[in-house]
Each structure stands twice: as structure tokens, then as C-alpha cells.
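Colleague: Fit chain B to the known structure of chain A by using the hints.
Here the protein sequences come in this chain order: A and B. Sequential numbering of the first sequence, starting at 1, is according to this note's numbering. Sequential numbering of the second sequence, starting at 267, is according to this note's numbering.
It is worth saying that the hints were derived from the structure and are not from the lab. Here the structure is a predicted model, which means the values were calculated and not measured. Check each hint, because a few of them may be wrong.
[What the hints assert, rightly or not] If you want a taste of the chain A side facing chain B, the calculated C-beta under 10 Å gives, among others:
{"#": "1", "residue": "A86"}
{"#": "2", "residue": "R115"}
{"#": "3", "residue": "S237"}
Beta carbons are placed, not taken as given, at the ideal position from N, Cα and C, and that holds for glycine.
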Amino acid sequence: MTTENVFDVEHVTLRFGGVVSLNDVSLFQRRGEILAVIGPNGAGKTSLFNSLTGVYQPQEGTITFHRADGRAMSVIGKKAHRVAGAGVARTFQASRMFSALSAFDNVKIGAEDHRGFGVVGAMVRGPRTRHDDRRSDAKTVELLRFVGLADRANVLAASLSYGERRRLEIARGLATEPEVLLLDEPAAGTNPAEKLDLARLIRRVRDELGVTILLIEHDMKLVMSLAERLYVLNFGSVIAEGTPAEIRANPVVVEAYLGTSAEASA
Amino acid sequence: MIRSFFQRAPIRRLLVVVGVVAVVELITGPPGSNQYPTSGFTGSYSEAASFFGLFRTQRWVVFVALALIAWGIVEFWTRYGAAIRSGGSSALAGPRQVSEKRPVRVGFALALLVLGILLPHIVNNAFWQSALVTYVAIYVLLAIGLNVVVGFAGLLDLGYVAFYAIGAYTTAWVTGALPTPPPFGHALDAFWAIPFAVVFVVIAGVLLGAPTLRLRGDYLAIVTLGFGEIITIFANNLYGITGGSTGTKQIPHPVFHVGPIKYTWGLAPVPYYYLALGSVVLFLVVFSLLQRSRVGRAWTAIREDEVAAESLGINPLKFKVMAFAVGAASAGFAGVITASADNFLFPSSFTLVFSINILVLVILGGMGSISGVVVGAIIIQVVQAYLNHTPPSGYQQPDLYIYVGALLITMMIFRPAGLIPSRQRRREITLYEESHEGHPDEVLLGDDV
Numbered sequence: 001m002t003t004e005n006v007f008d009v010e011h012v013t014l015r016f017g018g019v020v021s022l023n024d025v026s027l028f029q030r031r032g033e034i035l036a037v038i039g040p041n042g043a044g045k046t047s048l049f050n051s052l053t054g055v056y057q058p059q060e061g062t063i064t065f066h067r068a069d070g071r072a073m074s075v076i077g078k079k080a081h082r083v084a085g086a087g088v089a090r091t092f093q094a095s096r097m098f099s100a101l102s103a104f105d106n107v108k109i110g111a112e113d114h115r116g117f118g119v120v121g122a123m124v125r126g127p128r129t130r131h132d133d134r135r136s137d138a139k140t141v142e143l144l145r146f147v148g149l150a151d152r153a154n155v156l157a158a159s160l161s162y163g164e165r166r167r168l169e170i171a172r173g174l175a176t177e178p179e180v181l182l183l184d185e186p187a188a189g190t191n192p193a194e195k196l197d198l199a200r201l202i203r204r205v206r207d208e209l210g211v212t213i214l215l216i217e218h219d220m221k222l223v224m225s226l227a228e229r230l231y232v233l234n235f236g237s238v239i240a241e242g243t244p245a246e247i248r249a250n251p252v253v254v255e256a257y258l259g260t261s262a263e264a265s266a
Numbered sequence: 267m268i269r270s271f272f273q274r275a276p277i278r279r280l281l282v283v284v285g286v287v288a289v290v291e292l293i294t295g296p297p298g299s300n301q302y303p304t305s306g307f308t309g310s311y312s313e314a315a316s317f318f319g320l321f322r323t324q325r326w327v328v329f330v331a332l333a334l335i336a337w338g339i340v341e342f343w344t345r346y347g348a349a350i351r352s353g354g355s356s357a358l359a360g361p362r363q364v365s366e367k368r369p370v371r372v373g374f375a376l377a378l379l380v381l382g383i384l385l386p387h388i389v390n391n392a393f394w395q396s397a398l399v400t401y402v403a404i405y406v407l408l409a410i411g412l413n414v415v416v417g418f419a420g421l422l423d424l425g426y427v428a429f430y431a432i433g434a435y436t437t438a439w440v441t442g443a444l445p446t447p448p449p450f451g452h453a454l455d456a457f458w459a460i461p462f463a464v465v466f467v468v469i470a471g472v473l474l475g476a477p478t479l480r481l482r483g484d485y486l487a488i489v490t491l492g493f494g495e496i497i498t499i500f501a502n503n504l505y506g507i508t509g510g511s512t513g514t515k516q517i518p519h520p521v522f523h524v525g526p527i528k529y530t531w532g533l534a535p536v537p538y539y540y541l542a543l544g545s546v547v548l549f550l551v552v553f554s555l556l557q558r559s560r561v562g563r564a565w566t567a568i569r570e571d572e573v574a575a576e577s578l579g580i581n582p583l584k585f586k587v588m589a590f591a592v593g594a595a596s597a598g599f600a601g602v603i604t605a606s607a608d609n610f611l612f613p614s615s616f617t618l619v620f621s622i623n624i625l626v627l628v629i630l631g632g633m634g635s636i637s638g639v640v641v642g643a644i645i646i647q648v649v650q651a652y653l654n655h656t657p658p659s660g661y662q663q664p665d666l667y668i669y670v671g672a673l674l675i676t677m678m679i680f681r682p683a684g685l686i687p688s689r690q691r692r693r694e695i696t697l698y699e700e701s702h703e704g705h706p707d708e709v710l711l712g713d714d715v
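Chain B on its own, in the form it takes in the complex:
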């Protein structure tokens, strides 16, 4: 009896909400000690933190109230959300019709592009102009690349940072900032590092992919994890080639010089922003064209059922390697921009945590959904930049992981397909839940999120 009570979906959701709010409460509360480990709950709000003394009360009272309000909202949304959005017709009623009409989103995309172009002039503030490059644009570029591997082809890559590192170090090599001499004996401009970086990264993708992509699921994840570590360790220890842990020499700013046109990037972040924005737009176009092509459909087939795909003449290994190489290309690009904008490279920037961060952006945004991944990356990275720039009292940089972790758990429960889910992914998750005889409530939840 008790068991079935706790298995009821609303009760389970209540427990989840209480858990999440409890975590938030503990994090934001006064630090505990050995004697009082729960002071996050038992402390009271200080005069200053309370709203005009209205909430000058014990923290746990606020906590319970918050939890109940959050639960109420979740329950209301679960029960009536689908009806509100679809105007009364349930998502589960009738056969699921697939309307694959290509949406007229070009206008919307163009509006966003104009906004993107104007953005550095709107914010007009040194910190945010540089944050748009280092926090946002680079991460968007990386997230949409990883999305090809994880979202389109369904391969869990935990070593994506390796491609970013290869792109960045290739830039350093080409511009002569490494102890190894640059190619052809003389240093080239950072702008010309782009083709080198892309070619190297694609080769690295094929070299890593060809032997390892025979593995599936968890095994592949472990191998890619190892690959990411190997590249970092190489950068750290191959002192004579990479400069080791002390980093590279100064990488010059790129110069674009073709015929009469000459442009030099300097210290100002805005020109880098436009370089990054340009490459984001380029890769967005490339990846969405690929997604709708027969290559994209082959990726979908492999992701859904590899055995069936193979029975139709699709070579899974070939298409997986292709996904690895194509996805790596944007990381190579991001590497070039980082290297030339930061001017110095250190192996400590290319860690496992970095790969995980990018993966989190992809998962939160919605695996397989390009627009979702872009939006997810922008939101998370802007929040991160904001928190680092103007930290609330008591906030320290590593705290972000706690919040992102809590957000990730919450998302997995209530919106497993991501912020803006791809239609296919959402269906896959719903079908999976149905096939595992989930509680009726859950099926509805999975479908209408």
C-alpha cells in the first residue's frame, strides 16, 4: 500500500521538487559546521536579505512554501499544460500524424542574425563584448559540433575537448608559437591556420573514429574519454613540441589579406565576435543542411536501430566516422578563434570538465535539435558569464556545477528531451517509455513535454 502510494506520479514529483528545493536551500543558506550541518535549513534570513522584513523568518518555512508552490505549478502544468498549448486536443488522441512541412523559419533566423550583428553595440560594455566571444560564441560553436556526434548520430563522445585542443594547438603551430618549427619553415598568419586546423581535426576524427566506432554505447564513451585525456596529457608533457604546462609563446592576431582587402584583428573583442558569429552561421547552415540530407537520414537510421540500418545497406562505421569528422570541424574552428583571441594556450584549459560542459549544453538544449542547442548554450553561458562578472555574495565559481547539476537532474525528470527538443528525439523518448510500460501519467508527461 505504502509502496504504491509512493509510486503515484504526483507524489513522486512532490518528492523530486522537495529534493531540488532542499538542495537550493542548503547551497544558498549559511555554511554549516560539524555541529550544525543543517544550518542551511535552520538559519534565519538576515535583515538585509529579507524583503523589507516580510520574510524575516526561519529559512525552512520559506523552503516548505517554495516547494509547495513549485509542486503546485508542476502539477497544474502536467495536468492542463497539454490542453492549454494544443487548444484542447491531447497529444495522444488519434494516430500521431507527422507533419514534416518545412517551417518558414528563414525570416525568424534572419531577425536573429540581425540581432546577433547588433548585439555588441547594444551591450556596449567591455566585459560583455569580450564575454560574447569567450563565453558564448565559442561555446555555441562547440555545442553545435558535438550535437552532430551526440544528437544526430547518437554517439556519446566524452572527449570532444580533444578536437578543440587540436584546433587551438594547430593555430599555435602554424603561427610559430610552439617550440616545433611551423610548417614549411616560416610562420603563417593565424587566419591561415583555419584550413590547417580543420584538416587536422577532421583527420583526428577519422583516426579516432575508425578503430573505436565499432564499439557501442558505454564502451565508446570510455574510449573517447581516454582520447580526450591523452590529448591533454600530450599537451602537458610533450614539452619540446607543445611547450608543456607553461603554455605556448604568443600567438599573433590574425590578419586577413587577400588582394587589396586587408584586415587586422587586434585586442578589441568585437572583431573576434564577428569572426565567431560568421563561423557559427556557417556551421549552422552546414549542419542543418546535412541533417536534412540523406546523410542525416542515415544517421537517424543508425541511431534508431543500427541492425535494421545495416540491413538496408547503410555502413554504420562509415557514417559514424563521418559524424565524428564533421562534428570535429567546428571544434577545430573554435580552437583557431580561441587561440588567436587569447594569444596564449595552456594545456590546463583543455580538461575533461570542458568536454562535460559542452555535453551539458547539448543535453540541456535538446540533443539533435540545432536551435535547442544554440539557445541552451546561450542561456547557460550568459548566466555563467553574469555570475562570474557580478557574483552574488558567497558565490564562488565552482558553485556553478551544483546549480547546473541540479538543473540537469530536474530537466531529465520533467523535460528529458531538452529545452527545445527535436521532434524525433522527443518521439523516441516517448516511445521508449511506452514500450517499458511506464505509468500512464508518465507517458503523457513524456509526450507533451
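Isolated chain A (complex conformation):
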């Protein structure tokens, strides 16, 4: 057993009726690594994310999530909230904020413990509840500061800019105290300056909080500067794996992105 891996994905196949979304995908992620998954549109990147977080249930293969305390969890067959509770946080491609709530409440909902049936406890606000509440508030403030949104705490999530919303989503994910953070196209819809900020933030999440990062991104400049290792997906299959330099030099990858050149196919 390799405990230095966080994720072990083995021979995973995901089908929707006749459509094969993931085809015999095997990959792994080391603890503390910034790993990226790239590929053309429809390659199965988001399907992979959804399989890793329990939203989709692949028909074949195994996905194992190794926790820092040595316990392992088989993700397939688990509900999304169980996987999230075990330490896998994520953001969404089209950001999914609680738009009618303030930035503060968005993060606070992530910071709160949702296990147990504390109807009465939550209601009567006993010392335990008040203590938990103060803790969640403190954690929320700290995380908003961490992502640079401290002065936007009381603003509605819907009135934040794209870049701010992305950062808020990261803060909300981090509030669940995850071991791995899955980022689905965090830079989509942001301007170049915001992209730089975002790259810096993602690196800080890993360096300062020790959270492992798995990233889907289309912006090649961002991916190549951020990721330590990449997987390339095309038509649901892994077609390449390696460091940014290796991927850039890989003819298979170039072909998947740009198509076969006329000379090569002739």
C-alpha cells in the first residue's frame, strides 16, 4: 500500500447509456502534489472529478482515497457528502455559490459540522453550540483573509466579481478542512491579473495549508506554471502523463490538441 498517494484510481470506466465518458482510466496523485488534468473539451475531465467526489458512480474500476491518518476509503458507491466529509473538497466549473447569501455565510456553511442530529442542541444554543459557532466564525474570518476577501465578507456572493467568486469558492472548500482540494477550471472567466493572483493563491493553499491540489484548467500558461505533473485525457482515456516539459514535448498531446498535421498523416 502506498500511503504517500492520496488518490489511487484504477481502471475506472464510466458510462452514460452507450456513451463512454471515462474509459479504463488509471492514475494516482501523491500527497502534497499539485497535479493537473488537461484535455480538449469533452475529454472527461469533469466526469473524472465527479467520480472522485462521489457525484458519479463509475461502473468499473476502483478509486481509493488515502487519508493522512492512514485510513483508506473506497470512493465508488459513497455519497458525495460522505466523500466531502472524509476530506475531499471541490469547486465547480460554473461556480456554484449560495448567491443570495453573504460571502461570510457561504464560507461559514462550509466551516460548520453537519454530522449528528443536533436539532435540539442547535436550537437551544448551549455552551457546546456557542463554542462551535465561535470557532466557525473565527475559521471563516481567517479563510476570507487568506483568500483576500476579508473586506468583502458582508457582500452578497452574487455581487462579487468572477475572480472574487472563484476565490470565495476556494475558501468555502477549504472551510471543510480538506486533505485534497479539487479545482475545476478555477481561472475560467478571470482576467490576466486575476489569473496571476489565483495561481499564487493555489500555491499558497498547498504550501501554507498543506492541502493537496488537483486541478482542471484550460489556460495552458497557468497549468504549465503551476502543475508539477499532468495527465492528459482525450476521449475518456489517459493519453499521456508527465512533467510540464515532457507534456509539451509529447507528440501525442500535440496531436490531440491541434489535430494531425497534413504531412504527418500523408
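Modeller: Frame of chain A; chain B shown alone:
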């Protein structure tokens, strides 16, 4: 060109106002016949109905005038209402700041409570004293319970009457008014039916919720609708258990007897009013504490975006079942009070229309807003009691549905978040309209209502 003319917001509002006034005119006018279906418009006011002969004219003239006046008011309010209320600053200007300062409303609530306590002595009239229980307090109790399910957790429950029925029939069972023998072999007092009813109703909520709350939206609504029907049909047909359509035997008045304190409820409605008022206050406190707790925030998260909520470790099914069970509790309470105040139960009182009525109270008052739901329920139910007690000439009880229907349509157009909307719900509706690229006029309308 013509199309875009009709799509302009003021024109659309004019059409709506004309439509509403036309309905009112047809309802209140002389009944039509096959030959003259439009006599609601073409008839004239009788001598008696006109104000000193001032309006002794064709009904349609009054109708057009009314429509234009109503439209004028609506247009004025749409254009200048926001400025009037906020002192010039538009709701849309600048980033929306959320000020979640807990308002100091305790004093206001206490004043209302004192008013509530004094109310039966103020009205001091047999009909209204009993109407305060049967028309108002019971419905407020039911509306705030359904509000937990519909307003807090965002689940459309069309079978809420089932919980009310279970609460009421549990009371009948505990007091020995059913053909089935009461628990432990001997009849208990109706007061002790309260814990039984609450426990049964919560269990029913969990039993119904656990398998069905995996469904979303419309599907859930259909299943709950079916559940409501099933309970009514059970009450009707399980003759040996519920007494069937002939109803229960007499349910005794409750007696509160703990130690030296003994109080017996009798035929007088006022003691029941205080019992109901007490339970309303109890549930108001419980529900507003829950709304502000982490359970309430989890409900909000699920309502806003279930997938995102789940990604934060919130188990949607668990919290939805919780909402069902918690919301059902007040219906169980209402069931006990009804059963012991009315003394007899009939399955025909627990129909689909009843569920819809409660839902209408919640929607009109403002889903998710406790104060809105209470105010909405009081207004509608007082009007209903008044109309039933002193009906205007030609008014019949079922007519109320026409008026409530028209009111509901009007509300959905001009005040979709309800009478006293919850701040969050209002924002959700505004954001929804903005995200669907509504006409600029509409966005403003949605925001400042």
C-alpha cells in the same frame, strides 16, 4: 413592432390590471345566462348599491375607471416606490451590502404577544372568540409548520394535511374516541395526547420523508400529494379503526392535572385560544431559533444549491427529513387542539384543499419569513371568518377561492416573494430574474418589492 409594444412592462402591467379588475367585475356583477354571459359588465348598479345615485351607471364604466386608477397607482409605485421608501437611494445602486444585524424586535414581539393575550377580551363576542381558535390560531400553527418545509428547506409539500390528520386522530385514539382501544387499555386525557401526537407525527414525517425526499421538485410534490390522499382515504375507509366517514365518538375536553394544579377546558372557546396561542408562541420561538442555527443554514444551502451543499459535507436527505419532521410537529399540535376543541372528527375535514389552503397562506405571507407567514395567515383567515359570518349579498362560501386565486395571481406578478418577504428569498427571486435576462423594468420591480 406590435410584439415589442406588448412586451413593454407598463403595458403588460396594464393588461394584468385590466384582467384582474375584469374578474372582480364579473364575480360581483349580476349572474349571467346563456344569452347574456357578460351581464357582469353590461348590467347597471341598482339604486341601493350605488353611492347615493352617484354611480348609477353602467358597470363597465366603473370597471374601466377602476382599472385605470389601479394601473396608475401601480405605475407610480413601480417608478417612485423604491425612492420613496429608501429615501432616494436605489436598491440596485452600488454593491448589495448585507447587513445581518439582528434587529431589536423583541419589544415589538412582546407588544404583539400582549395584544394576542388581550384580544379575546377586546373582541368580546362569541363568534369572534371561537373564530380566533378555529379560523386563526390553528391556521397560524399549521402555516408556520409548513413554512419550515416549504420556506426553509424549499420542499414543496402538498400533503401537509396528513400530519394534521394524524395529530387529530391520535388525540381521538388516546382519549378512547376511536373503535380501536386506546393505548395501554384505558383512555387518557386529551392533554396527554400532545406527546403522543407529536411523536406520531414526527415518525410519520420521517417515514414519509426517508424514501421520498430523494425526489426533487415536482416529483416530490406529487408524492406528498399522494400521501395526503392516502391518509384521508385511510380515515374514511378503515371503519374498524377510525370510525370511517361517520366520524369519531366524542372526544373529551382536555384536563391539565399536575400535582395541585388542575384546569379543565370546557365549551368556552377562550381557554382553547390561550392553549393555541401558547403553542403558537412555543413553535414561533422554536422555528426562529432553528432558522438562525446551523441547521437553518444547512437548509438554506440545500435550498439554494443542493449539489454545492453536498460538496460541503451536508447530507441533503438527512436535513430534508429533519425539515419534514420538525415542520410536522406543529401540525400534530394543531391536530390535538382541533380534536379536543371540536370534540368530533370527520375525514372530510382533511382534504387536499386544506393542504392547498395552508400552502396559500405560506406563499401569500412570504415563504421562509416567519413574521410574513403569521401575518399572511391572520389576514386571510380573519377575512374568511368575516365573510362567513356576515356574508355580503350573493356571497357564498366557495366564492372565497376565486378571490384568493385572483389575489395569488396578482401577488405572484407584483410581489412574488410574499407580503413580508424573507430577505434571502427576495434576493433569490431577484437573482433568478437577473440571470434570466429579464427586462430591466422587471429586475427593478423584483428587487424593490
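Colleague: Decide, hint by hint, whether the structure agrees.
Modeller: Checked hints:
Given the 10 Å rule on beta carbons, the hint for A86 (chain A) holds: about 9 Å separates it from the nearest Cβ of chain B. At its closest, the beta carbon of R115 (chain A) sits 8 Å from a beta carbon of chain B; the interface hint therefore holds under the 10 Å criterion. At about 26 Å, the closest approach between the beta carbon of S237 (chain A) and any beta carbon in chain B exceeds 10 Å, and the interface hint on this residue is violated.
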